[in-house]
Amino acid sequence: MWPRVKGCSVHLDVCNVSFSYEQSEVLHGVTLRIAEGESCAVLGPSGSGKSTLLHLMAGILEPAAGEVRLGDLTVSSRDASRRAGIRKRHFGFVFQFGDLIPELSLLDNIVLPALLNGMRRRVADRRARELTDSLGIGEVVTRKPREVSGGQMQRAAIARSVIHSPDVVIADEPTGSLDSASAAVGLRLLLESCASAGAALVVATHETSVAAAMDRQVTITDGALVDTAGELA
Amino acid sequence: MILRRIGIRFAVRPDSWLRCGSALAAIAVVVASLTLAIITSASAVTGWSHAQHLTPAPGSGLGDRTFHARVDSYPYDGEAWTEVSVTDGVRSFGPPDGMGYLPKSGETLISPALEELLRRDPSAQKRIYGKIVGELPESVLDSPQQLVAFSVRAHLPGGYVAHGWGGPPDGGEAKLPLPGQALIAITLLGIPCVILFLVVIRLSAHERGVRTRRLSLLGLDASAVRVVIKWEGYTLAAGGSVIGLGVAGLISATLGRTGLLGQSWFSGAQLSTVLGAIFAAVVVVVVLGPAWAHSANTGPRGSRQWTTFAACAGAILPAVTVLGYLAMLTVLGTGAPQSSVINLVVLGCLLVCAACTFQLLPWLTRHVALRFIRPTTVPRLVSRARFAESRGRATGPAAGVFVCILAMISALGYSNFLNYAAHSGTPGQARTLEVAFPPHLQSTATHALLSQQRDDGFLEIPTQYNKHGGITGITVVGRCRAIGKRCRRRSAYEARSNLPQWCRIPRRSSTHC
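The listed protein sequences derive, respectively, from chains A and F. Read in order, the letters of the first sequence correspond to residues 3 to 235 in the numbering used here. Read in order, the letters of the second sequence correspond to residues 15 to 527 in the numbering used here.
Check each hint, because a few of them may be wrong.
Residues from chain A that face chain F, not an exhaustive set, calculated with beta carbons under 8 Å [stated by the list, open to error]:
(1) SER83
(2) GLU105
(3) ARG131
(4) ASP135
(5) LEU193
Which stretches of chain F does chain A cover? Using the computed rule of at least three CB atoms under 8 Å from a CB of chain A, they are [claimed, not checked]:
(6) 16 to 23
(7) 382 to 389
Derived from the structure by calculation, the hints contain no laboratory data. Idealized CB from N, CA, C, for every residue including glycine.
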């Protein structure tokens, strides 16, 4: 659909990144590599800096030190406008409560990233229909977010995150607002969608069951990243 | 394209709190258009008044080819009854265009509508001067429904000296000075609208912040987010303007039919109301869009501080309001203590309303809401939490109502000022005619020398005339010390010592207050 980032097989490279809120240092010298198509869980207690790390990866925040690279692109060293451009093209997002725009229908929410990236409406609609059918929300796509359940909203958010074939999908507590059954279904759909789109997946969670479903798990402890591969298994 | 579409969709709000924004935008247009209508009409009223005052005196030529005219108008049975009276001297000019002949002295011509009215209501006959001898042709009437009586009299107390029918006025119309008009516009039109916009923006800043944050997360940069928000503002303002235009027209038409003193000129201000409303709508659209975008949270985590803008506006607005009203008071209130009092009252009301809107009301609303909204259901719980967490939410809708009252007070205060200026003859400002009447006569009256202002501030109005139209008596209109009470005195001494030489002074005179 769109050319992916050229360069190397390592898509997302977080190199020695530090970040502080006011006087409080949240992350210190964090280094992480996410390979193409890899899924990675970032674990840690509330307030440990999981969301901050994800925001740094996506260019929402600018690191105090270190850099974030996406292939050849240096995400962290650019101005806000350019970071927004990179985010629009190369990242997809899923949040705890879906974070859909309430004025738009589910379908409009889903096609929005594609339209913002220049895809034609007709093509975007077709792609959205394929995704929503596969996610089981094909019959409710014309409804507004407030007219559907939390699980359906989350599925719409998953569809929105992959419709423009991003390189990386960032998911911040994607199953936090769902019951266990819905959470399991939502997680499976998220993994399948990312796999079919060829996107890497980074999930911030404090649930070990979610983390266990990922290829790799890392934990943030005292502002530093600890690779916990295999421990959860 | 997609950004514009999103912005327009944003304007269709699912949240009742945000719908208040649309309603307030509509009210802003109503207020703006009404005040603009008042201003445009006011300009005409004061301009006419000034023209009469500034028309140069014909001097010694008065007695040669002049006649006296008087036009009285008052509401009767829901309609405006106009009496046009002229003296015999009019014969040297012949009838006005469209009239075949002039009645004799002591005779009256009436309009067809008035004839119909007299047939229905014979008791109204006593209002007619002299003998009715025929009908006025429709060509001299503004409309067939106009109630007009045209009479010729030997003597016409209180008439104005005229020297012909029709034609442009000699002195031209003296409009209110442009800076004065601009000041009025800024004070009356600008300030209430700005306050309204601030209330609207404040009302929904948080909600819009949530939406724009989501757009930013999806990868829209700040300028793209502003485009979305601008279009949201444009849509909102345009929608509000359409509603506002309708309501403004309705209010204007209703006020025009009330016959209230000082509101009668609304009936003649339909066009200016519509033009004013359209202008106000454009202003709303132009102002609201960028203001909306300025207050938007354009970053994914909030890069623009709304509070900074609000704080600046909160500090500047009261200062501008006070300065604007004081300046208006200075410009318009000169020489007229009554109008100064009115303006002071208006200023006081405005400040009280502003204080209520931004200080007392949020506190009161919040405490009342927390006291009386019991969290027995989820919606109530949410509503209570909203009141508790945000001062702006507590302020929102009620503040809009207060600001509207404030704007209406401004408009009515100014309307009262004009009414006073137009009807009471303040020193330094001539009496003005009250309502529209046939164009020929209107221009005659505009020609007329109405009064002379004396050095001591008293106003001299010719009130007695001989059969040739010469002035034989004069009324000196001055002011007693008590504010608001006018004093009329007929004083030979006053007149003899101050009147121009062309005036003849009656031997018998009296003074009364």
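Outcome of the hint check:
Interface restraint check: A/SER83 against chain F, minimum CB-CB distance 4 Å, threshold 8 Å, status holds. At its closest, the beta carbon of A/GLU105 sits 5 Å from a beta carbon of chain F; the interface hint therefore holds under the 8 Å criterion. The restraint placing A/ARG131 at the interface with chain F is violated, with a minimum CB-CB distance near 19 Å, outside the 8 Å limit. Among the interface hints, the one on A/ASP135 is violated; its C-beta lies about 23 Å from the nearest C-beta in chain F, farther than the 8 Å criterion.
Because the beta carbon of A/LEU193 sits about 21 Å from the nearest beta carbon in chain F, more than 8 Å, this interface hint is broken. Against chain A, the segment 16 to 23 of chain F contributes 3 residues with a C-beta closer than 8 Å to a partner C-beta. That satisfies the three-residue criterion, and the hint holds. Here's how the segment 382 to 389 of chain F fares: 0 of its residues keep a CB closer than 8 Å to some CB of chain A, so the rule of at least three is not met and the hint is violated.
Consistency with the previously given hints fails for numbers 3, 4, 5 and 7, ordered from lowest to highest.
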